[in-house]
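Colleague: Working from the sequences, and respecting the hints, build out all of it.
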Amino acid sequence: MSEEASDQDKNQDQEIKEEERGSSTSFIFKGGVEIFPFEQLPHLAPASLSACRAQGRRGESFFAVFCDKDLFPRTSAAAKYISIRSQYMADLIASGVSDLSKKTKNLLPEQKYIFVFENIYGAPLWKEGDSLALNMRPELVKNTILPSLVEMLEDLKAGDLLHGSLHAGNIFAPFGVDEIGDGEAISEALIGECLSVPFSYAMPALYLPIHRANVSPIGRGRGIFEDEIYSLGVLLSVLLRKTDPCDGQTEREVLESKMTQSSYQAVVGDNRIDVYFLNALRGMLQDDPGQRWTLEDVLMWVDGHRIGPKQGGIKRLNANRPLPFCGKTYVRPEILALDFENNIADAHQLITGGELSKWIDRSVANPALKAHLQIAFADADKYGQKIGFMERKVAQVALMLNNGSAVFYKEVKFLPDGIGLSIGEAAAKREDLSPYAELMDLSLIPFWIEHQERGAVDEAVILADMESCRMSLKQQGFGYGVERCVYILCEEAPCLSPAFDGYYLKTPEDYFLALNDLCIDGRAPDKIIDRHSSSFLSVRDSQLIDAYLMDINSKTEHLKALATLRMLATIQLRSNMGKAVGISNWIVDNLSKALLSRLHDRDLRKKVAGQLKKIANTGDIVAIATLFEKETALRQDQDSYAFAMSSYQSLLGQEKILDYNIQHNKRYGQGAGREVASIVSATTSFVIVMILLFVFFGDKLVGG
Amino acid sequence: MKKIITTILIAVVAVAVMPTTLLLFVGMMPSIAAYFIDKTKQQLKAMTVGCLNFSACFYYWLELVSSDHSLVTAWEIISPTSISIMYAGAIAGYIVEWGVSMAVAVVMVQSGKSKLSSIRKQKEEMVERWGVEVTGVYRLDVNGFLLPKKDDK
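Quick mapping for you: the protein sequence lines, in order, are chains G and D. The numbers in the first sequence follow the working numbering, run straight up by one, and end at 704. The numbers in the second sequence follow the working numbering, run straight up by one, and end at 153.
Treat the hints with care, since some could be wrong.
As the list claims (entries may be wrong) - Pairs of lysine-lysine residues, derived as DSSO-like cross-links and limited to a Cα-Cα distance of at most 27 Å, are as follows: (1) K606/G with K113/D; (2) K115/D with K656/G; (3) K113/D with K666/G; (4) K113/D with K607/G; (5) K102/G with K579/G; (6) K149/D with K560/G; (7) K41/D with K666/G; (8) K555/G with K149/D; (9) K666/G with K39/D; (10) K527/G with K149/D; (11) K149/D with K593/G.
Unchecked claim - To give an idea of the chain G side of the interface with chain D (calculated C-beta under 7 Å), a few residues: (12) R602; (13) Y641; (14) Y648; (15) Q654; (16) E655; (17) G669.
Note that these hints are calculated values from the structure, not bench results. Just so we're clear, the structure is a prediction, and the values are computed from it rather than from any experiment. The C-beta atom is built at its ideal place from N, Cα and C for all residues, glycine as well.
Modeller: Next up, the structure:
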């Protein structure tokens with residue numbers, strides 16, 4: 001015990017020393033990295049995140065990226081990233097949630113997930129506002145940039161990691177090169193980090209294949225390696241082309257252009273590309289992932305082998321008569337499907353009025369598409385007039401018209417493997433989650449999976465998750481419902497409870513520390529367990545809370561309080577969390593009344609209340625829980641209470657009998673009186689007889 | 001059978017010691033009456049009266065057995081004076097039976113009242129320590145806690 005105490009003291013001293021280290025504008029992260037949050041490095045910050053300078057113990061140059069709660073950094077990919085160790089990507093030095101020390105909190109008002117990378121980067125090849133036609137010399141691209149990119153892709157594939165941020169804004173010159181000019185200063189291309197935002201989140205839509213580009217950044221899904229090849233193709237095109245064929249076009253126009261002309265044509269346009277790159281770009285920009293070049297094809301091409309683009313690809317259907325819809329005319333079913341999502345009622349009218357069927361039958365004249373549409377109609381009609389039936393029917397028909405495209409329902413839209421991040425973002429932004437719940441109930445995603453032709457997602461995992469979510473939606477208590485679906489589907493999601501705004505809770509231990517911090521600051525929420533935190537804890541570590549969920553959902557206060565106490569004690573004990581004075585005081589202030597009411601014995605209550613006050617200042621929640629363990633105090637109290645009840649009934653019986661005898665039984669005591677009288681009589685009689693014998697025989701003796 | 005043998009034996013003995021039988025029969029008439037009046041199983045009244053009645057007869061019986069123990073002597077002993085003395089013993093038995101019974105009953109009632117008061121105090125203390133639920137007259141849950149009243153929200 002004393003050794004533990006001295007260890008804890010040492011740790012505290014070390015924490016204090018580490019906290020004191022660094023200047024007033026920096027804080028220490030993970031014990032060895034000094035972060036300067038005010039020295040921003042915007043060119044290294046993806047999306048809306050912020051990046052800043054950092055340095056190691058020996059002055060090594062690092063940079064830190066602060067991740068937001070609603071952007072779900074790829075924390076689970078960090079281990080793979082570290083294992084890759086490519087010379088073209090910065091090493092990951094440290095990662096984790098910022099601590100809750102006073103100094104860090106002063107500099108970072110909100111707790112963040114932080115990635116610290118080695119800073120090997122100079123200026124990016126492209127900055128916001130630059131033209132997307134960099135017109136680089138083909139030799140520079142071929143000899144300097146391409147080998148770096150390909151080698152890095154090779155390393156990524158070997159490490160089973162998808163980068164998802166392969167675009168010109170995330171390709172950098174080496175450290176120290178602050179101006180690229182015409183690119184001559186580049187000796188090698190370095191690829192920026194990819195962990196701080198989800199796969200392809202920070203990627204401009206141009207770099208993404210058609211179906212992934214037609215979704216909001218958060219709903220783009222987990223990605224496949226073929227997408228990296230596509231992005232490489234677009235990146236090379238951007239580096240090489242002299243003019244941007246998409247200049248001035250909206251994302252939607254670029255998408256339509258890719259769908260009508262093919263991605264290669266839309267991206268390269270009329271540019272005269274060096275012959276060395278032509279076939280490679282055609283191969284890499286194939287819209288059909290099955291026909292796209294693989295990494296092996298790219299490596300062979302880089303090694304000097306001659307490889308042509310693969311034959312085949314996606315067959316684009318054309319109607320011989322345009323279909324009018326919402327003021328526009330359409331000849332391609334897949335582009336018509338794109339506009340269904342914004343015109344649900346009109347699309348439903350088009351479908352149920354029979355115009356769409358006629359158009360497909362007579363003008364598109366594709367028997368396969370016609371058969372697919374019949375499947376969609378029949379499947380949608382199975383649901384009758386259930387809530388959302390109109391949206392479901394339109395979405396199913398759109399999926400058939402544009403196979404493999406995003407799932408849309410009401411205001412949500414995502415690729416099926418992107419539902420996790422999408423629902424996670426909606427929950428983080430406090431948006432209405434009911435469309436997701438309805439969507440899961442309507443089985444739109446299983447329909448998508450059943451009828452998609454490319455097999456690009458892990459169907460079994462998605463279907464299993466969907467089933468778990470459907471089961472969860474059937475229950476409404478804490479730890480269940482749509483909130484649980486958020487954490488089942490989005491494994492990167494931190495705890496999104498409003499009670500913990502300002503904290504980044506990745507694990508139950510983070511939850512415990514944040515709660516303690518809130519309690520110390522006097523900002524503890526009324527309910528430390530709410531729908532989000534209970535779901536988060538249950539999904540992330542079911543052993544911590546599942547045993548107590550029934551009591552947490554109970555309407556009885558003491559059961560709730562006891563379950564909450566036991567859950568907190570389990571976290572403290574299992575994760576060896578050390579003292580938590582904030583939480584223990586909070587428990588005494590807020591739960592003790594309900595907990596003490598659990599004891600029958602009022603005297604014991606007073607005694608335990610005194611013990612609670614003493615323990616509160618030690619921060620030992622386990623000790624508090626022990627006071628109320630079934631095996632100890634509660635059991636003894638219960639046994640004593642049972643004995644007291646029995647004794648009371650016995651007293652009650654005695655009282656009734658006595659009261660009756662005294663009040664109503666006139667012969668009460670007479671039986672005993674007679675017994676006494678008989679004894680008195682017998683004794684007296686015996687004495688008299690003895691006296692008479694003595695007197696009589698005494699006289700005789702004297703007379704004789 | 002046992003009763004019959006006993007009765008026969010007593011009859012034989014009574015005939016054998018006829019003077020004693022005559023004296024005690026006459027002298028202990030009140031006890032015999034008490035025996036038939038007392039319907040209780042223990043026959044305590046008969047015992048109380050009988051003991052003192054016997055002690056009053058004992059002196060005359062000693063006189064009888066110390067003389068020739070004949071019927072004539074027994075008849076001579078039975079006189080109004082001796083009968084009065086013997087019956088006075090029986091009366092003393094009745095008085096003891098009534099007086100002691102009354103006294104004991106009064107003591108027991110007082111003791112009962114004191115015990116009743118003690119029981120009520122104990123009950124109050126138990127309610128104070130364990131709450132009203134210990135009385136067993138309220139609706140309790142499986143753990144013995146009061147169930148909320150129906151009008152409680």
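Colleague: Quick one, are K113/D and K607/G close enough, alpha carbons at most 27 Å?
Modeller: This hinted pair is violated, its Cα atoms lying about 36 Å apart.
Colleague: Would you mind confirming whether the straight-line C-alpha gap from K115/D to K656/G stays at or under 27 Å?
Modeller: It holds: about 12 Å lies between the C-alpha atoms, which stays within 27 Å.
Colleague: Under the criterion of a CB-CB separation shorter than 7 Å, is Y641/G in contact with chain D as hinted?
Modeller: The hint holds - Y641/G has a Cβ within 7 Å of chain D, the shortest such distance being about 6 Å.
Colleague: Given the hint that K41/D pairs with K666/G, test it: the Cα-Cα distance must not exceed 27 Å.
Modeller: holds, 20 Å
Colleague: Have a go at the Q654/G hint: is there a Cβ in chain D nearer than 7 Å to its own Cβ?
Modeller: Because about 6 Å separates Q654/G from the closest Cβ in chain D, which is inside the 7 Å limit, the hint holds.
Colleague: Holds or violated: are the alpha carbons of K149/D and K593/G at most 27 Å from each other?
Modeller: holds, 20 Å
Colleague: Need the status of pair K606/G, K113/D: alpha-carbon distance at most 27 Å?
Modeller: Not OK: K606/G and K113/D at ~34 Å, beyond 27 Å, violated.
Colleague: Please check whether G669/G passes as an interface residue: C-beta within 7 Å of a C-beta belonging to chain D.
Modeller: holds, 3 Å
Colleague: Starting from K113/D, check that the Cα of K666/G is at most 27 Å away, please.
Modeller: Roughly 14 Å separates the two Cα atoms, so the pair holds.
Colleague: Tell me if the straight-line CA distance from K149/D to K560/G falls inside 27 Å.
Modeller: The given pair, whose Cα atoms are some 20 Å apart, holds under the 27 Å limit.
Colleague: Could you check if E655/G really has its C-beta closer than 7 Å to a C-beta on chain D?
Modeller: Result: holds, 5 Å to nearest chain D Cβ.
Colleague: Verify the proposed pairing of K666/G with K39/D, using a straight-line Cα cut of 27 Å.
Modeller: holds, 18 Å
Of the numbered hints stated above, those contradicted by the structure are hints 1, 4, listed in ascending order.
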